[in-house]
Amino acid sequence: MKIKFAGLSLVTLLVGCTSTHLVYVQETSMGLNVALSADGMQKMSLGYDRDVMAVIPKKSDGEDAMALFSVNNVKVNGLDNMDIAQFVATGEPAKKLAADQEAVSKIRTKIYGQ
Amino acid sequence: MDIFAFNVVGFTALLISCTACSVNGYGIPGSVDQYTTDSPFSRTIHTKAKGLHVNTHESFDVHFGYLEKELIYPIVDNNIVCSSYLLDGDSESYNTEPVLFAQEPIKTIIKSTGLYFTLSSYTFGFSVGVLNRHVLRVNSEESFSMFYQNVKSPDTQVCAVIQSQFKGDNNEN
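Residue numbers (numbering that gives the first Met the number 0), protein chains in the order written: chain U, 0 to 113; chain E, 0 to 172.
Simulated from the structure, these hints should not be mistaken for lab results.
Beta carbons are placed, not taken as given, at the ideal position from N, Cα and C, and that holds for glycine.
Over 10 Å on every C-beta distance to chain U, these chain E residues come out as not near it, computed from the model:
#  : residue
1  : 11
2  : 19
3  : 23
4  : 24
5  : 25
6  : 29
7  : 39
8  : 59
9  : 99
10 : 100
11 : 102
12 : 154
Listed next, the stretches of chain U that the computed footprint assigns to chain E, with coverage defined by at least 3 CB atoms under 8 Å from CB atoms of chain E:
#  : segment
13 : 27-33
14 : 80-90
15 : 93-107
Isolated chain U, as found in the complex:
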């Protein structure tokens, strides 16, 4: 009974929190996988599961929801093997990059290797 109460309290505590962080998850699992996060991620899977998810904090009217510039190249070779080439920028660096087409093109070339 005490264990149940502690478990419920933990879930309530984690789920009830307001997210202040940007979270981006790439995950592959085989078996039983349970995850709870104060940032808003809740999942349970049994068997094979492949997830890509993002949690973006809620903003009020007039606030910047978070400018983001991202280039990703992910190759899943197996359960425990992912080749990742990733560039991410937020805020001012993202805004500056988005306005510079030459830089965007070079970053794409670097990430995709073309």
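Given chain U, work out where chain E should sit, using these hints.
Quick look at chain E alone, frame taken from chain U:
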């Protein structure tokens, strides 16, 4: 029969725990390998552990099986952006004076086979089986840029920079 089977499993687990157990990177040689890689653009803490491994840094983790974990800490700098590092491609041309590392990791990479339990102030996780997890987590009040590449190079290339008023530790401590 069931009791016998349970005893065999329990005894095997006990043997593995006793012969390969570690706490916070310290343990019997061969069962755990933990080291830190510092660069002008990031700090990475690598952990490889076999058997029973307990971690109390950043989060409370208990792992049983094989674990590879990387924690990437960004530098805090208002003048550097990772796009410059990526496009210039010459990390040695940058200033290599002591840099300031953020207190929280920006990226966590976990490769786990076996049983994995983690609990921290913001997350709870439990896994039995194979798990490969890449988590990018950053405070939305801060701007950041990050480049991560684990292919096409002998070594993983990492650049992670946070533009912030200030939250961090000096690496000279």
